[in-house]
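Please put together the full structure from these sequences, using the hints given.
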Amino acid sequence: NFVAEYEHITYEAATEKLADMLNIDVSTNAEYMRQRDLIQEYRHRVVTASRNLESNKELQDYLCKRKIGKDVAKLFHLGADKQASGSLVIPIYNVNDQPVAIAKRYFNAKYKYKNSKNSEVFDKSETLYGLNVSRKVGGGVLYLVENGDSIQSVDDLKGKTIYASGKGAAPEYALNSVLK
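If you count by the working numbering, then the sequence shown holds residues 326 to 505, one letter each, in order.
Possibly wrong hints are sitting among the right ones.
[What the hints assert, rightly or not] No more than 25 Å apart at the CA atoms, straight line, and that leaves these computed lysine-lysine pairs for BS3-like:
| no. | residue 1 | residue 2 |
| --- | --- | --- |
| 1 | Lys342 | Lys399 |
| 2 | Lys435 | Lys382 |
| 3 | Lys439 | Lys407 |
| 4 | Lys390 | Lys437 |
| 5 | Lys392 | Lys439 |
| 6 | Lys461 | Lys437 |
| 7 | Lys437 | Lys382 |
| 8 | Lys429 | Lys407 |
| 9 | Lys442 | Lys407 |
| 10 | Lys461 | Lys429 |
| 11 | Lys435 | Lys407 |
| 12 | Lys395 | Lys429 |
| 13 | Lys390 | Lys407 |
| 14 | Lys461 | Lys395 |
| 15 | Lys449 | Lys437 |
| 16 | Lys449 | Lys439 |
| 17 | Lys429 | Lys390 |
I should point out that these hints are in silico values taken from the structure, not numbers from a laboratory.
Pasting the structure below:
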């Protein structure tokens, strides 16, 4: 991550730059190449969907009603899928700021939300949505949502057992990655 952030390049480009410096040919690593190609495919889909949102008045109105401004939509790379009846595209990123999956918000379907299937680069149980953005703009602040007021800071979690439950709760893996 350091090289990617310092050089303002993608994580894949940083990986390949470091490998080249160490005289390692990553192009012969089939697993790496499959993962890189899958991430590039998701990146392309995210860029296309973001452009589609600019011309989708219905989705822009929906976001406005939800008080999601253009700046927030841009920050999270929200988009529109023309193939899926104008569904809202919600990219899911890993901790290295790589798009690894897409969630969609449907408006005229039997289900409201649908995620990409687990893959070589995405495991729903190990991915916390928005962590990449919070690391960039969070200013070191972590917001925990709970029923009550017993937790005021991360220090209040010391020695406590933490349970993640309910619909959409953060899995233990994701919670641990936030607390590191």
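Mind listing which of the numbered hints don't hold for this structure, in increasing order? Of the numbered hints given earlier, those the structure breaks are 1 and 6, listed in rising order.
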